[in-house]
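Asks: Chain by chain, the residues:
Protein chains: 4
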Amino acid sequence: MNNIPATIADFEEYARRTMSPGAFGFYIGGADSEVTLRRNLEAYNNLLLRPKVMVDVENVTVATTILGEKISSPICVAPTAYHALAHHDGEKATAKACATVGTCFCQSTNSNFTMEQVASSVPKEALRWFQIYVQEEEDVTRKLVKDCEKAGFKALVVTLDRPRLGKRLHVLRSGFTLPKHLSRANFEEDKENDGSDSYYHGEMYPGMTWKDIKFLKAITKLPIVVKGIFREEDAKLAIQHGVNGIIVSNHGGRQLDSCPATIEILPEIIAACKGSRTEVYVDGGIRTGVDVFKALAIGAQAVFIGRPVLWGLAYQGENGVKQVLNMLNYDFRLAMTLAGCANVQEIDRSFIAPAERYSFSRTLARL
Amino acid sequence: MNNIPATIADFEEYARRTMSPGAFGFYIGGADSEVTLRRNLEAYNNLLLRPKVMVDVENVTVATTILGEKISSPICVAPTAYHALAHHDGEKATAKACATVGTCFCQSTNSNFTMEQVASSVPKEALRWFQIYVQEEEDVTRKLVKDCEKAGFKALVVTLDRPRLGKRLHVLRSGFTLPKHLSRANFEEDKENDGSDSYYHGEMYPGMTWKDIKFLKAITKLPIVVKGIFREEDAKLAIQHGVNGIIVSNHGGRQLDSCPATIEILPEIIAACKGSRTEVYVDGGIRTGVDVFKALAIGAQAVFIGRPVLWGLAYQGENGVKQVLNMLNYDFRLAMTLAGCANVQEIDRSFIAPAERYSFSRTLARL
Amino acid sequence: MNNIPATIADFEEYARRTMSPGAFGFYIGGADSEVTLRRNLEAYNNLLLRPKVMVDVENVTVATTILGEKISSPICVAPTAYHALAHHDGEKATAKACATVGTCFCQSTNSNFTMEQVASSVPKEALRWFQIYVQEEEDVTRKLVKDCEKAGFKALVVTLDRPRLGKRLHVLRSGFTLPKHLSRANFEEDKENDGSDSYYHGEMYPGMTWKDIKFLKAITKLPIVVKGIFREEDAKLAIQHGVNGIIVSNHGGRQLDSCPATIEILPEIIAACKGSRTEVYVDGGIRTGVDVFKALAIGAQAVFIGRPVLWGLAYQGENGVKQVLNMLNYDFRLAMTLAGCANVQEIDRSFIAPAERYSFSRTLARL
Amino acid sequence: MNNIPATIADFEEYARRTMSPGAFGFYIGGADSEVTLRRNLEAYNNLLLRPKVMVDVENVTVATTILGEKISSPICVAPTAYHALAHHDGEKATAKACATVGTCFCQSTNSNFTMEQVASSVPKEALRWFQIYVQEEEDVTRKLVKDCEKAGFKALVVTLDRPRLGKRLHVLRSGFTLPKHLSRANFEEDKENDGSDSYYHGEMYPGMTWKDIKFLKAITKLPIVVKGIFREEDAKLAIQHGVNGIIVSNHGGRQLDSCPATIEILPEIIAACKGSRTEVYVDGGIRTGVDVFKALAIGAQAVFIGRPVLWGLAYQGENGVKQVLNMLNYDFRLAMTLAGCANVQEIDRSFIAPAERYSFSRTLARL
Ligand SMILES: Cc1cc2nc3c(=O)[nH]c(=O)nc-3n(C[C@H](O)[C@H](O)[C@H](O)COP(=O)(O)O)c2cc1C
Ligand SMILES: Cc1cc2nc3c(=O)[nH]c(=O)nc-3n(C[C@H](O)[C@H](O)[C@H](O)COP(=O)(O)O)c2cc1C
Ligand SMILES: Cc1cc2nc3c(=O)[nH]c(=O)nc-3n(C[C@H](O)[C@H](O)[C@H](O)COP(=O)(O)O)c2cc1C
Ligand SMILES: Cc1cc2nc3c(=O)[nH]c(=O)nc-3n(C[C@H](O)[C@H](O)[C@H](O)COP(=O)(O)O)c2cc1C
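Protein chains in written order, with numbering that gives the first Met the number 0: chain A, 0 to 366; chain B, 0 to 366; chain C, 0 to 366; chain D, 0 to 366.
Derived from the structure by calculation, the hints contain no laboratory data. Warning: the hint list may mix true and false statements.
[Claimed, not checked] The calculated PhoX-like cross-link candidates involving lysine-lysine, where the alpha carbons are at most 20 Å apart (straight line), are:
hint: 1; chain 1: D; residue 1: 210; chain 2: A; residue 2: 51
hint: 2; chain 1: C; residue 1: 142; chain 2: C; residue 2: 210
hint: 3; chain 1: D; residue 1: 216; chain 2: D; residue 2: 145
hint: 4; chain 1: B; residue 1: 149; chain 2: B; residue 2: 216
hint: 5; chain 1: D; residue 1: 123; chain 2: D; residue 2: 220
hint: 6; chain 1: B; residue 1: 210; chain 2: C; residue 2: 51
hint: 7; chain 1: B; residue 1: 235; chain 2: C; residue 2: 51
hint: 8; chain 1: B; residue 1: 210; chain 2: B; residue 2: 142
hint: 9; chain 1: B; residue 1: 51; chain 2: A; residue 2: 235
hint: 10; chain 1: A; residue 1: 149; chain 2: A; residue 2: 216
hint: 11; chain 1: B; residue 1: 145; chain 2: B; residue 2: 220
hint: 12; chain 1: D; residue 1: 235; chain 2: A; residue 2: 51
hint: 13; chain 1: B; residue 1: 149; chain 2: B; residue 2: 220
hint: 14; chain 1: C; residue 1: 142; chain 2: C; residue 2: 153
hint: 15; chain 1: C; residue 1: 51; chain 2: B; residue 2: 213
hint: 16; chain 1: C; residue 1: 153; chain 2: C; residue 2: 216
hint: 17; chain 1: D; residue 1: 51; chain 2: C; residue 2: 235
hint: 18; chain 1: A; residue 1: 51; chain 2: D; residue 2: 213
hint: 19; chain 1: D; residue 1: 210; chain 2: D; residue 2: 142
hint: 20; chain 1: D; residue 1: 51; chain 2: C; residue 2: 213
hint: 21; chain 1: B; residue 1: 153; chain 2: B; residue 2: 216
hint: 22; chain 1: C; residue 1: 145; chain 2: C; residue 2: 123
hint: 23; chain 1: A; residue 1: 210; chain 2: B; residue 2: 51
hint: 24; chain 1: C; residue 1: 273; chain 2: C; residue 2: 235
hint: 25; chain 1: A; residue 1: 213; chain 2: B; residue 2: 51
hint: 26; chain 1: C; residue 1: 210; chain 2: D; residue 2: 51
hint: 27; chain 1: D; residue 1: 216; chain 2: D; residue 2: 142
hint: 28; chain 1: D; residue 1: 210; chain 2: D; residue 2: 220
hint: 29; chain 1: B; residue 1: 216; chain 2: B; residue 2: 142
[Claimed, not checked] Label pairs and their in silico Cβ distance ranges:
hint: 30; chain 1: B; residue 1: 364; chain 2: A; residue 2: 124; range: 38 to 46 Å
hint: 31; chain 1: A; residue 1: 213; chain 2: B; residue 2: 348; range: 26 to 34 Å
hint: 32; chain 1: D; residue 1: 3; chain 2: C; residue 2: 20; range: 12 to 20 Å
hint: 33; chain 1: A; residue 1: 179; chain 2: D; residue 2: 16; range: 48 to 56 Å
hint: 34; chain 1: A; residue 1: 136; chain 2: B; residue 2: 366; range: 39 to 47 Å
hint: 35; chain 1: B; residue 1: 364; chain 2: D; residue 2: 3; range: 47 to 55 Å
hint: 36; chain 1: D; residue 1: 360; chain 2: C; residue 2: 187; range: 51 to 59 Å
hint: 37; chain 1: A; residue 1: 318; chain 2: D; residue 2: 101; range: 55 to 63 Å
hint: 38; chain 1: B; residue 1: 364; chain 2: C; residue 2: 216; range: 54 to 62 Å
hint: 39; chain 1: C; residue 1: 179; chain 2: D; residue 2: 354; range: 39 to 47 Å
hint: 40; chain 1: D; residue 1: 12; chain 2: C; residue 2: 8; range: 28 to 36 Å
The structure displayed is predicted, hence computed values, not measured ones. Just so it is clear, CB atoms sit at the ideal spot from N, CA and C, and this is done for glycine as well.
Using the sequences provided together with the hints, build the complete structure.
Replies: Written out as structure tokens, the structure reads:
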């Protein structure tokens, strides 16, 4: 019997057994009845694959780019809060693993280590993005952006889908709050976390509108990526406001429950961005190499993974994150091989089909 | 660990543990195999949300009106029988909670307290409606209507879907009857409940037809709302008979089993009422703020909740009902916030989509 | 707590607990993996009801006719083998219950009592049909038909869907055979059942074709009803061969597994019979009054129930069958009342809808 | 109680109880989350049968041909590796059972006995095919083909869907490797299996393309059958390259997960081959006679079964395989009888329908 994790679920299982229930619940939970959380995972099953055979797949490469920067595979790391709940090295460990593997790490505003700490733990050339919760007070936002530039982050990811916090039952039930020894390191005033309410208070800014994107563009040259777009109208507004990328996301099912799965929204956003130079990415529910393959076949430039990285951290810190990324990269390469694609450019729509395409009422009609 | 109820299911669970099984079964049960009862709940999952982002939702208000009267939120209380099974203050407690929260309380014909008792327990301006089972003997109906006017109720809700009682297995199996110390207070002869058969006998009137609406309109100036309409033809007849409102309802799945969910019937009735001044409401299976949001997005003016109020009563009487209403109002406001609506007028069809809209066979066709 | 059966499932549960496992398995089982058996039951859930309200349903009558004979309700008794496995009075008990209730009893070829025994146990005017397995030897068939006429049966039901016996796992696994003290009473040679193989041997006639219907019509004036038709082509052939009625049946899922549910086949057969004078009935999976209502709304003249009668027999013999029939009749009347139909002629297609009609993609399109 | 296996699941259950968990896991497992593995089985349920009645089915014959050779039934044996894991006589036992039953045995490249050993264990005329993994080194391939011709195999089955091995969790978890006393007998160098890595190393050739089919055709006159085609484009390429047959297969769900079920792909491939002389077969998930009937109704010339044969081997070696084949043949004949087909030529599309054909929204529309 072999105990090395063979799937993301194995890492998750390890985290479930070893983390404190409150912290694990904070990580794993979604909003309300978690309809969207489950849908993010299950929707992938409604897309089927159509392998091509007799293609030379001796040498398959998964390398690609985002916003012009090379990455070793299209599997990047989504911004998630409080990595130190899983491992004391927190975001530093995650950043290092990403650097070694050669993919993009997106740090959350709500990290337990500062941008500077994270930046200095990895080689300069390691690709890092920063996820920013724009703040009501322009000065606070301005400072975050400046810190970010200074620390060598290559893009700002503006999260749009959290004007207020979703209702997360795991957290309400466990009463989880950020442990005293941890803080939201990027905020001065939070350094003295008194353990009472740090989970809820803070950086909400329900008044944010497109004007805030204009403000950001005025104060920085960094490319802007928006995260959490659900409709084509909003995708078009994003393009009009000059954003460089869109992450199709529903915050891992943690905000408004009863939204579609992100992989379901992706085609609408891809369609809306056709002809523009805005890149489209997706996160949510990606757990296998086949999932990644499907997202790329729809047209995503890359994908971001949230929770799997946290399970890797809980498993073995930096080394665990590396294992998670390597496993997904390996499995993605295998999916390409078995589907008959030697590089990511070859992955196109012909390799996927809605399950309905195979309903007998359609297929028998051809006979 | 935190034991304050976080969902309606938590209140229900409390009631299940603390009420007598017979009374709880009477409350929770539906007719036959409860297909419709379950469908009322599950149908909501077939509607998905399409949030708009970058909307200023700093100040979100859920206030609205029904039949011209202001209510603090579109979540009203449906008529349900025998509140004293859950708490000795019965309908008085419910009415008080509604008055405090500022929403409409609809009292059932089969209440354990009289209209007068309920009326005198709340401020005069508290909005109350009365649900009437029209009686075969015109005089009995006439008396009910007069009592109702005297007690300051603002509308008559005529229930149409109960010519005879549905077959409710919980009650048949438990042999539940109304306990001796309780009565159907609005009926003189019932004041001496002998505990034998009060559940079944009584106010059935299977001969009721539209002529009875004419009769009601002849004897009162109160607005008339009909409850339990399943087809557009009947909605049109209702409009022709001058009713002021329609509650789309299947009696919480307690009458004819195998009917569609109410949220499924709602669009047909809304369409039939287009152009008229009849308001349309819906009840059945509403358990979250997101459910309310969906009903309003289809076009309901307001929603009514049945069982959740009974669980609140069982939990802590008046205070429990208040908690139930406040929770739903809070969650509804949160849903609006995360969907990008600052007031109920902004909630329109663009915010919802049938799950089928996101089937890959439709969405991939756009690429 | 009240132990009187409230649903057909309650009777079934009683039979499961009290019958020998082998006999119960013989009764309840279907062929192969019982896909069709389950489908017979579940397909009813895909039809929804559309009640009409404000109809005078003070007096609802369920009486109707089949082949011109009055029956007190459209719920008749399907032919099933070996009633003495459930109760020592066997088919005599069933026939008596049907006579009292006033509905049609269809006796199986494979009954444990002879036609004469059954006939003499009920009043002359009690409506009885005889289900015949046409035999390879014309003389045996001829004798069966003559006995049948003599015993006052009013129609011959020719079963078409059993050229060989389906593969029934319950029976294969239990090794069930007809107990020694019982026999297939209508066959001389079977009177001496030696308990070895009576279940399998016997009356199979895989060479039967439409010519055998011609033969039957040549030797008797009794109306002919065929049982087990799956396609419109065959329905049309049946009409061409002058049959008087068709029972849409899949033998209770006991013959070819993976066939559609009978309620799914019914519309095709009804459509094929339009314009002819052939009556169409249906059996299979009918367990509630609502099921009966749906079958009639599609256009069935009457329905036949198989297993529920056997559970009634196992419960209390004749009295148990009466309870089963009375319960279904009561529930069917209640369904009519709540749907707004005062007699069976009023039950039409407008009262039912496919569940798909209520899919939000259809209903929201109307707004 | 009767313990003779009555279904394929009974054989499987026996194997599960008696084989070593590692070997059983190697046999039963699929790739990744086994979506395709399950789909292979479940997709059959979406096809329903439409029996014809009143057909003379006294004499039903299941005999047919493949590539011009007579077989006693269209149920053939798919190539599966390492039969000696189930029974020490391995492929010899399987081949003998097939010879006795009169069907085609397809030996895997990865057999535990050599082609010669298998050939010499059965009568000369027994139909055998050889499944070949084309090797990177032309000489190795050439030798395999020559051995194959010498040993009297009648066709080469070229497997296309395994450029690399799928990710099979059962094997990863158990750490299963081929036991030391067994080898891949057709390969000289493997004769000395050291038990370390024989499962993974070896015959992968990810560079295989259609040129390799040309090569095969150049060196042998044996008919070529390709196995593992998923798209019509590839079926057409296969025809262009002169292949004689196509087995629609997804390797029993062991290669790329998330592919459609083979029975779902079959119609597309049949349609693509219309007009050509290429025969189309299917494997994957066939467990009952009804499944076989459906595949033939779509247009397959024959079907191949994989795992059921392994369960038969584990049950009683040669005798167990015979029982498996006889059971399936018996059940297939029964399905034909009950559907109203006296020989396989009569099985056509009219006998099957997509489940959707019976959706009430389609069927009620006809009334
Ligand atoms: C524990 C946790 C914390 C998160 N914190 C943030 C955050 O701080 N900022 C943000 O934009 N998204 C945050 N997200 C959302 C992720 O960026 C991402 O959208 C989501 O996790 C993707 O879904 P997945 O976990 O199924 O891969 C968080 C998600 C989780 C699970
Ligand atoms: C215990 C109980 C008693 C009810 N009594 C009445 C009643 O007296 N009059 C009436 O019109 N509806 C009655 N109803 C139906 C409700 O008004 C309402 O339609 C239903 O409860 C809404 O569904 P919900 O419980 O899922 O919210 C009753 C419902 C319940 C659960
Ligand atoms: C135990 C049993 C025995 C049956 N025997 C016969 C029979 O002798 N002749 C016949 O035509 N149908 C027979 N049937 C089929 C029934 O007539 C009828 O088609 C079926 O039971 C209807 O389905 P239901 O049991 O779900 O109501 C039998 C069914 C059962 C369950
Ligand atoms: C244990 C096992 C080993 C297999 N080995 C081979 C093989 O060596 N070559 C090959 O072409 N297919 C192989 N297959 C795939 C089978 O030929 C066939 O496609 C599959 O088993 C059919 O699905 P079924 O098992 O559901 O009947 C194997 C399948 C199994 C289960």
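Asks: Using the beta carbons of residue 318 (chain A) and residue 101 (chain D), state whether their distance is inside 55 to 63 Å or not.
Replies: The hint (55 to 63 Å, Cβ to Cβ) holds, given that residue 318 (chain A) and residue 101 (chain D) are roughly 59 Å apart.
Asks: With a cut-off of 20 Å on the C-alpha distance, tell me whether residue 216 (chain D) and residue 142 (chain D) pass.
Replies: holds (14 Å)
Asks: Within a Cα-Cα threshold of 20 Å, do residue 235 (chain D) and residue 51 (chain A) meet the stated pairing?
Replies: The given pair, whose Cα atoms are some 12 Å apart, holds under the 20 Å limit.
Asks: Is the distance from the Cβ of residue 179 (chain C) to the Cβ of residue 354 (chain D) consistent with 39 to 47 Å?
Replies: Holds - the Cβ-Cβ distance for residue 179 (chain C) and residue 354 (chain D), about 44 Å, lies within 39 to 47 Å.
Asks: Given the hint that residue 51 (chain D) pairs with residue 213 (chain C), test it: the Cα-Cα distance must not exceed 20 Å.
Replies: The given pair, whose Cα atoms are some 18 Å apart, holds under the 20 Å limit.
Asks: Hinted pair, alpha-carbon criterion (20 Å max): residue 235 (chain B), residue 51 (chain C). Please report holds or violated.
Replies: holds (12 Å)
Asks: CA of residue 210 (chain D) to CA of residue 220 (chain D), is that 20 Å or under?
Replies: holds (17 Å)
Asks: Does residue 142 (chain C) pair with residue 210 (chain C) here, judged by a C-alpha cut-off of 20 Å?
Replies: holds (18 Å)
Asks: Please verify whether residue 210 (chain B) and residue 142 (chain B) have alpha carbons no more than 20 Å apart.
Replies: Holds, at about 18 Å.
Asks: Quickly compare the C-alpha distance for residue 145 (chain C) and residue 123 (chain C) to 20 Å and report which way the hint goes.
Replies: holds (17 Å)
Asks: Assess, step by step, whether the Cα of residue 210 (chain B) is no farther than 20 Å from the Cα of residue 51 (chain C), and give holds or violated.
Replies: holds (15 Å)
Asks: Against the range 12 to 20 Å, how does the distance between the Cβ atoms of residue 3 (chain D) and residue 20 (chain C) compare: consistent or not?
Replies: holds (18 Å)
The structure is consistent with each of the numbered hints, conforming to all of them.
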